[in-house]
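So the sequence lines, in the order shown, correspond to chains A and B. First residue of the first sequence: 1, per my numbering; consecutive thereafter. First residue of the second sequence: 1001, per my numbering; consecutive thereafter.
For the record, the hints were derived by calculation from the structure and aren't laboratory data. Heads up, some of the hints might be wrong.
As the list claims (entries may be wrong) - The following label-pair restraints were derived from C-beta to C-beta distances: (1) B:THR1353 x A:LYS101: 17 to 25 Å; (2) B:GLU1002 x A:GLY218: 33 to 41 Å; (3) A:ALA438 x B:MET1247: 41 to 49 Å; (4) B:GLU1002 x A:LEU3: 47 to 55 Å; (5) A:THR29 x B:ARG1078: 33 to 41 Å; (6) B:GLU1434 x A:SER236: 35 to 43 Å; (7) B:SER1368 x A:ASN436: 55 to 63 Å; (8) B:GLN1345 x A:VAL433: 52 to 60 Å; (9) B:GLU1434 x A:GLN432: 51 to 59 Å; (10) B:LYS1393 x A:GLU210: 54 to 62 Å; (11) B:GLU1077 x A:GLY218: 40 to 48 Å; (12) A:ASP28 x B:LYS1165: 28 to 36 Å.
Said to hold, decoys possible - Below are the DSSO-like pairs computed for lysine-lysine, each with C-alpha atoms no more than 30 Å apart in a straight line: (13) B:LYS1350 x A:LYS101; (14) B:LYS1202 x B:LYS1240; (15) B:LYS1071 x A:LYS7; (16) B:LYS1102 x B:LYS1326; (17) B:LYS1071 x A:LYS199; (18) B:LYS1050 x B:LYS1324; (19) B:LYS1101 x A:LYS7; (20) B:LYS1393 x A:LYS101; (21) A:LYS324 x A:LYS102; (22) B:LYS1007 x A:LYS102.
Unchecked claim - So these bits of chain B aren't anywhere near chain A, every CB distance computed over 12 Å: (23) THR1167; (24) ALA1190; (25) THR1211; (26) ILE1223; (27) ALA1246; (28) THR1256; (29) GLN1342; (30) MET1363; (31) GLN1432; (32) VAL1433.
Note that the coordinates shown come from a computational prediction; the quantities given were computed from them, not determined experimentally. For glycine and all other residues, C-beta sits at the position ideal for the given N, C-alpha and C.
Protein chains: 2
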Amino acid sequence: MELITPKTMPGAMELLPRDQIAFQRMLDTIRRSYERFGFLPVETPVMEYKRILLTKSGGETERQVYYAQSKGAHDLERDIEFCLRFDLTVPLARYVAEHEKKLIFPFRRYQMQRVYRGESAQRGRYREFYQCDIDVIGKDNLPLEYDAEIPVVIYHLFKELDFGKFTIHINNRKLLSGFFASLGIEPEAAAGVMREIDKLDKRGMDYVVETLTGETFGLSAEIVDKILGLIQLEGSNSEKLNALTAMNIDDETFQTGLDELKRLVDGISHSGVPEAFCAVNLSIARGLDYYTGTVYETLLDDYPKVGSVCSGGRYENLAGFYSKSKLPGVGISIGATRLFYQLQQASLIKQETSTTRVLVTRMDLKLSAEYLALASELRETGLNTEVYYGGGKFAKQMRYADRSGIRFAVIMGETEAAKGTVTLKDLHTGDQVEVNRADLAAVIEERLA
Amino acid sequence: MELITPKTMPGAMELLPRDQIAFQRMLDTIRRSYERFGFLPVETPVMEYKRILLTKSGGETERQVYYAQSKGAHDLERDIEFCLRFDLTVPLARYVAEHEKKLIFPFRRYQMQRVYRGESAQRGRYREFYQCDIDVIGKDNLPLEYDAEIPVVIYHLFKELDFGKFTIHINNRKLLSGFFASLGIEPEAAAGVMREIDKLDKRGMDYVVETLTGETFGLSAEIVDKILGLIQLEGSNSEKLNALTAMNIDDETFQTGLDELKRLVDGISHSGVPEAFCAVNLSIARGLDYYTGTVYETLLDDYPKVGSVCSGGRYENLAGFYSKSKLPGVGISIGATRLFYQLQQASLIKQETSTTRVLVTRMDLKLSAEYLALASELRETGLNTEVYYGGGKFAKQMRYADRSGIRFAVIMGETEAAKGTVTLKDLHTGDQVEVNRADLAAVIEERLA
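One chain only, chain A, in its complex shape (with noise of 0.2 Å):
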């Protein structure tokens, strides 16, 4: 028989046991901390209704959206009925509008799962990836203050996390269309330009000024001036807001973009972030067209090329396709898969030691049934504890544990047996004791502490 190569699909991230342990620690914290603000778990099905999910793409996300169909309806040339969910705002959009007789606002969700893309598959690009978001829904309204939530979230999160210094920017779309609008920028030409005011980061300032000053844009070289005036300001937070009120913009959106971030950074001084993990940026638009008000991105200081890790922001109405109810909404969304790839490329992220804690070896078959019995013991105190039944010598089996990450290695012979002793050798020192069977586990967390 011909073998088939065994390959995994391009443009996903499949994990070695250690790696995945590491990978899912990174999920359990980010969901641990969702919970600790009160984010309540919610899971879609990862197919949609083609009608539903093609709302709200077109162009080059609608061409990446994967149809799903069974053999059997392809068969029969059947249409096309369902497609792979491409966010998870999509789904809560449609989650909220069927489910929201039966839920109660605000709704505060947070869903962690897949998500599909056809991309062309290239280094660090994923068809696959995992999205971890959070949202909070209101009906007819939602107060700035979930908006000034969201930060200390994002602060709590990210310090469990460990992966060094981070900084929270956060803005306010009203103040970027206000102050396009008192330039004399028309409304969609502003669009434009926030998106172009996005890509600073990567494009760098001279790309910017040529774009906004060149063909498309046309912008006079005095408003460019102001524009880069505004989205350089400098200084701490207040020096920024107060240099802005100065700016006396007769505008009524720009001041109450003004206001909800004075606010903002309010509510987030008020809930202990401190100033150097949450700064105003005035040059954080965010590219996608949605979001109406607040805009939050999250740097990790140390790795500036990571970009943004975790993004989010205002919107007016979640789900105005499926709804008649007025649904405002404030989340975030962390790419976690893309995330980790990075931070393992970084060495940020090192290979776990297993989940399993204990390897209790089989030096003398006659005791077969004493290691079952010493296994059962361990387990019941909360040790996850494997079983070598391998066979093999004594060093094949530290061999074993050693390759698995497994920190601990039991052994025990007849003469320990008889003294009711085991030897616990500790893998990660080196060393190894003999101890009193009632004393192991008691000496094992011990050392896991």
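With chain A fixed as given, assemble chain B onto it according to the hints.
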């Protein structure tokens, strides 16, 4: 604008948050139990190459497989390249063959992911459902001790899940096929006979007798009597094993199977699984032909109609399509979505209280900063805490807590703030007490314990 009706795909389980919490709790328990026995996490992409996924299947299974293709590729009429997995066994085989050199054998993995089958949508049948699998894969060989460990995992897990009394039924297919051979039934016919026997529970005795003496199998009444005598053996495990020994069947395969079954029963009892929870049952055959030795089924004693909630067995070679290595294994699978659905129907799973423990209400907006600080204090101690910014009267805030399933509400007015106290309302008991702010977390923890 015309609204699009928001609708979940048929055949998927989508839950409201409090049910999702209950489901998540079940998955967490399964995962914790798997890890307790030293199984390591693996996740594979939802898509597999078509040539890999469609190797083992055929007929009805194949018709149900979902094709996945990006809209872009579909519009260009490209060939279908990928399918969605329909179980976790084929992905495991591909994974082990692909990463064989980097894995450590015996390889113990658990995998808890959704699988996809284009079933016709009807109550209780799912197109998308969770499978929670464990397998141990050996290289060249895998000692029988691993077969004996699996029921210990099942025992521990279903004790933790707490769905009432259950019985793990065990059997050995070598014993069955050896027995059939001793009756002169050809191996091909024997596989069919085993499939029929497996229907005993669902179709009843008359159906099975009729089928076996009927046209397809054409067995004599005498032979069918002998088969029924075997599969209906009664008594304790040792009584059954003694009866099997006493049969003196002159067939090597039978004797090998009997020996394996004896060692299995021995190993299980040494691990402290009470006999009441694990029964030799000679009518258990498992429909799938690739099991070659030990087989398991688990039934909830009080809910026999639910059928087997955890099944599996020993197989000769996991990845023959993809690797020249011989990779024997043993494993089980839990269909978590169906299990959850059926236990919900049986009212065995209740709606959970929220993962959020405390709602900090806002009586007096002058104290806004205090409420934020209070919430931070509670979160610091590990309590999942939400601040209610929705506005509205006290009664509305309490209704929100109650409907959300949040047990504790904290109330602080000006008087209390001045005194350094808060009022704690326990929505579970209905009472409320004034406590020192500094003691709040401890008081809550005590009530939770």
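Interface-negative label, ALA1190 of chain B against chain A, beta-carbon threshold 12 Å | Consistent with the label, ALA1190 of chain B stays out of reach of chain A, its closest Cβ about 24 Å off (over 12 Å).
Within a Cα-Cα threshold of 30 Å, do LYS1101 of chain B and LYS7 of chain A meet the stated pairing?
-> Distance ~14 Å between LYS1101 of chain B and LYS7 of chain A Cα, so the pair holds.
Interface exclusion of THR1211 of chain B relative to chain A, criterion Cβ beyond 12 Å = Since the minimum Cβ distance to chain A is about 28 Å, THR1211 of chain B lies beyond 12 Å and the statement holds.
Examine each Cβ of chain A, and state whether all of them lie more than 12 Å from the Cβ of VAL1433 of chain B.
-> Given a closest Cβ separation of 22 Å, the condition holds.
C-beta pair GLU1434 of chain B, GLN432 of chain A: status relative to the range 51 to 59 Å that was hinted | Holds, since GLU1434 of chain B and GLN432 of chain A (Cβ atoms, about 56 Å apart) stay within the stated range.
Holds or violated: are the alpha carbons of LYS1393 of chain B and LYS101 of chain A at most 30 Å from each other?
-> Between LYS1393 of chain B and LYS101 of chain A the Cα gap is close to 21 Å, so the pair holds against 30 Å.
Are the Cα positions of LYS1007 of chain B and LYS102 of chain A separated by 30 Å at most?
-> Between LYS1007 of chain B and LYS102 of chain A the Cα gap is close to 15 Å, so the pair holds against 30 Å.
Starting from LYS324 of chain A, check that the Cα of LYS102 of chain A is at most 30 Å away, please.
-> With a Cα-Cα distance of about 16 Å, the restraint between LYS324 of chain A and LYS102 of chain A holds, given a limit of 30 Å.
Straight-line Cα separation of LYS1102 of chain B and LYS1326 of chain B no greater than 30 Å?
-> holds, 16 Å
Indicate whether the distance between the beta carbons of SER1368 of chain B and ASN436 of chain A respects the range 55 to 63 Å.
-> Taking Cβ atoms as reference, SER1368 of chain B and ASN436 of chain A lie about 57 Å apart, which means the hint holds.
Grab the minimum beta-carbon distance between ILE1223 of chain B and chain A and tell me whether it stays above 12 Å.
-> ILE1223 of chain B is indeed farther than 12 Å from all Cβ atoms of chain A, at 35 Å.
Is 41 to 49 Å a correct range for the gap between the Cβ atoms of ALA438 of chain A and MET1247 of chain B?
-> holds, 45 Å
Hint compliance for this structure: every hint is met.
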